[in-house]
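Undergrad: Here is what each chain is made of, one letter per residue.
Protein chains: 2
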Amino acid sequence: MDIALLGGTGDIGQALALRWALHTDYGIVVGSRERERARTKAEEYVTELESRGVEREIEGTENAEAAAGADVVVLAVPAYHVADTVEAVADELDDAILVSPAVGMTKDDAGLRYKPPGVGSVTALAADAAPDGTRVVGAFHNLSADRLANLDNDVDQDTLVVGDDPDARDIVADLADGIEGLRALDAGPLGNAPEVEGLTPLLINVARHNEGMHDLGVRFE
Amino acid sequence: MDIALLGGTGDIGQALALRWALHTDYGIVVGSRERERARTKAEEYVTELESRGVEREIEGTENAEAAAGADVVVLAVPAYHVADTVEAVADELDDAILVSPAVGMTKDDAGLRYKPPGVGSVTALAADAAPDGTRVVGAFHNLSADRLANLDNDVDQDTLVVGDDPDARDIVADLADGIEGLRALDAGPLGNAPEVEGLTPLLINVARHNEGMHDLGVRFE
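Going line by line, the protein sequences match chains A and B. Read in numbering that gives the first Met the number 0, the first sequence has 2 at position 3, and its numbers run on one by one without any break. Read in numbering that gives the first Met the number 0, the second sequence has 101 at position 102, and its numbers run on one by one without any break.
So here's chain A without its partners, still in its complex pose (with noise of 0.2 Å):
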């Protein structure tokens, strides 16, 4: 199994980097728009993981060449940058599964709110913006990365799965499941997305007014 992380240079894409290169034996390709960049954060990761005892490849390139033979690509992207970064990777998706981890929000006087573009959902705008057929599952939203990102951390809890492949999402399921501690759940179809991405402004404004409940996470019992 090849993961291509696009935008895999920023928190989420760096959180789920360093789990699955800990945790399993994926192969793993960081994509930026920048070459560069992604090399410099690739070489970061594996040291990262050296310095733990564990050795690892972790390829970095441009997003498109990260996408080319990648059977996983997650968009850790920006969710303003998620059209942008489909359709610059779209000759190379073959028959890659497009996981969208990306949440739409916004902030007024009272916290953050859950803002979805027009089509419904973050995950819905990735599914436009691929090529026809593309199976596209949402995953990941409520992950906090920084929480994933220090390997010191337990991840300890759960994420939810969405899109209206269900083959898609049992594949997006065990890839979540291969990390230590996180536990996939199932979400069924798209249309229920909009629901899944609104946990994520919650979970920012409950850790916001509750002292020492930071990088947050939920476990659904």
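Misleading hints may appear alongside valid ones.
Chain A regions said to be covered by chain B (calculated; three or more residues, Cβ under 8 Å) [to be verified]:
{"hint": "1", "segment": "79–93"}
{"hint": "2", "segment": "209–216"}
In silico lysine-lysine, DSS-like type, Cα no more than 25 Å apart, as pairs [stated by the list, open to error]:
{"hint": "3", "chain 1": "B", "residue 1": "K114", "chain 2": "A", "residue 2": "K114"}
{"hint": "4", "chain 1": "A", "residue 1": "K106", "chain 2": "B", "residue 2": "K114"}
{"hint": "5", "chain 1": "B", "residue 1": "K106", "chain 2": "A", "residue 2": "K114"}
In case anyone wonders, no lab produced these hints; they're calculated from the structure. Here the structure is a predicted model, which means the values were calculated and not measured. For glycine and all other residues, C-beta sits at the position ideal for the given N, C-alpha and C.
Knowing the structure of chain A, use the given hints to seat chain B on it.
TA: Below, chain B without anything else, positioned relative to chain A:
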């Protein structure tokens, strides 16, 4: 502390009445639009508690009479009855804190959608309907009524408390914490209510798609 549960003959009203009666010494009044129905249900609750060796008086009466003299008035009615229920008891509210546990939802092919009223949330709708200066708090949205109402079950879940008055949030959080196994978390000002209420359809969708998960609750950790 005297709590009136308007619409206390319904699922969430029953759940909260039984749990508060079991775990606390708060005065509990069950309200309904029909006095007789409230009386009958209150007697049922008393009988249920007696069967567990708990001697408790629970009054049942018409909503406005139930609200009169209560410190906290819970609007345990469906979202579409929140405004008219508030209006029906407005003259009796005095300094009472109004608590809104209702959520607006619709169903489509994918699952349940969060569908707030035009003012942004059901909690905001309750605040709009209430007399000026009434302290309104959203809470108990995400609890499974069935899970709570069966007193054999452990509660083991979190609930979120949202509203513009911090003291009122604290009071309602204390009421929640009075129920064994329930933990209240502060979700901040009223403007954060949409994301709080939106958790309920998510829980229902997740329960539907994962075997063995029903009456689902959530823990923030």
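Undergrad: Are there at least three residues in the segment 209–216 of chain A whose beta carbon sits under 8 Å from a beta carbon of chain B?
TA: n = 4 at 8 Å, threshold three: holds.
Undergrad: For the pair supplied as a hint, K106 (chain B) and K114 (chain A), is the alpha-carbon distance within the 25 Å limit?
TA: Measuring from Cα to Cα gives roughly 20 Å; hence the hint holds.
Undergrad: Does the structure keep K114 (chain B) and K114 (chain A) at a Cα separation of 25 Å or less?
TA: holds (14 Å)
Undergrad: Next pair to validate is K106 (chain A) with K114 (chain B); report whether the Cα-Cα distance is within 25 Å.
TA: holds (20 Å)
Undergrad: Mind taking a look at whether chain B covers the segment 79–93 of chain A? Criterion is 3 or more residues with CB to CB distance under 8 Å.
TA: violated (count 0)
In the structure shown, a violation is registered for the earlier hint numbered 1 alone.
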